[in-house]
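Using our numbering, the letters of the sequence shown correspond one by one to residues 1353 to 1568.
Hints were generated in silico from the structure; no laboratory data involved. A virtual CB, placed ideally from N, CA and C, is assigned to each residue, including glycine. Possibly wrong hints are sitting among the right ones.
Distance windows between CB atoms, simulated [claimed, not checked]:
| hint | residue 1 | residue 2 | range |
| --- | --- | --- | --- |
| 1 | Q1360 | F1505 | 40 to 50 Å |
| 2 | G1369 | P1504 | 36 to 46 Å |
| 3 | Q1360 | T1440 | 39 to 49 Å |
| 4 | T1499 | M1353 | 35 to 45 Å |
Listed below are the simulated EDC-like cross-link pairs for lysine to aspartate or glutamate, each with C-alpha atoms no more than 20 Å apart in a straight line [claimed, not checked]:
| hint | residue 1 | residue 2 |
| --- | --- | --- |
| 5 | K1526 | D1365 |
| 6 | K1469 | E1522 |
| 7 | K1412 | E1517 |
| 8 | K1412 | D1500 |
| 9 | K1469 | D1422 |
| 10 | K1511 | D1473 |
| 11 | K1412 | E1479 |
| 12 | K1511 | D1500 |
| 13 | K1526 | D1554 |
| 14 | K1469 | D1399 |
| 15 | K1526 | E1361 |
| 16 | K1412 | E1472 |
| 17 | K1511 | D1475 |
| 18 | K1412 | D1473 |
| 19 | K1511 | E1479 |
| 20 | K1511 | E1472 |
| 21 | K1469 | D1483 |
| 22 | K1526 | D1436 |
| 23 | K1412 | D1422 |
| 24 | K1526 | E1557 |
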Amino acid sequence: MYQPPHFQETRPDVLHGLIRAHPLGLLVSNGTEGPVANAIPFLLDADVPPNGRLRAHLAKANPQWRLLADNPLAPVLVVFQGADAYVTPSWYETKRETGKVVPTWNYAIVQVRGIVKVIEDQDWLAEQISDLTMSQEGNRAAPWAVTDAPAPFIQSQIKGIVGLEIAITEISGKWKVSQNRPAPPRGRVAEGRESETVNSADMIELVRSYGGLDGK
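Produce the entire structure from the sequences given, and follow the hints as far as they go.
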């Protein structure tokens, strides 16, 4: 990933926070005919040494897991996309002063690289789907649990999936949120997004916090 220094994010808690807030990652691996990619939800076990671990599962009908099983030492890439937003030149004074400005795109993104272990153990899979479910249902007033469904039905569903554990070898983040602009233009980007019919509250917060505009 192209990483200009002013956009680089290295704090583990911030990187982990984006993964947990946006758990649908794009799993990218090499296949016999080129790259293969699938979007699947992940769980992050940050306390697993040395760099943490990702857990997920794939449908057995998905051929990517067989490619992973056949190449157990081949590294994979998982991409987690956070907030993103278009930035128009109209929000910059430079447009009125010289016209020398172009559109851009702000975004926050985390990339994880690691080695995959394919798991078919039924107990592991049962724990995986339970943990993944509770990660999304836990804050609901009446959370649904895997055990709410009939046990034979769940067992039949588990037979149709395989598990993945990714030992993290590298994690990197890029927060491109107008930090390379002086303070006044950064403020106008945040104000401009607030004025749009469709805005991004997450991106507004990132522009303000990374630009020193949040009063901290």
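Hints and how they fare:
no.	hint	result
1	Q1360 <-> F1505: 40 to 50 Å	holds, 47 Å
2	G1369 <-> P1504: 36 to 46 Å	holds, 38 Å
3	Q1360 <-> T1440: 39 to 49 Å	violated, 25 Å
4	T1499 <-> M1353: 35 to 45 Å	holds, 40 Å
5	K1526 <-> D1365	holds, 14 Å
6	K1469 <-> E1522	holds, 16 Å
7	K1412 <-> E1517	holds, 15 Å
8	K1412 <-> D1500	violated, 24 Å
9	K1469 <-> D1422	holds, 11 Å
10	K1511 <-> D1473	holds, 10 Å
11	K1412 <-> E1479	holds, 18 Å
12	K1511 <-> D1500	holds, 18 Å
13	K1526 <-> D1554	holds, 15 Å
14	K1469 <-> D1399	holds, 18 Å
15	K1526 <-> E1361	holds, 6 Å
16	K1412 <-> E1472	holds, 10 Å
17	K1511 <-> D1475	holds, 11 Å
18	K1412 <-> D1473	holds, 13 Å
19	K1511 <-> E1479	holds, 14 Å
20	K1511 <-> E1472	holds, 9 Å
21	K1469 <-> D1483	holds, 18 Å
22	K1526 <-> D1436	holds, 12 Å
23	K1412 <-> D1422	holds, 14 Å
24	K1526 <-> E1557	holds, 16 Å
The structure shown violates the earlier hints numbered 3, 8.
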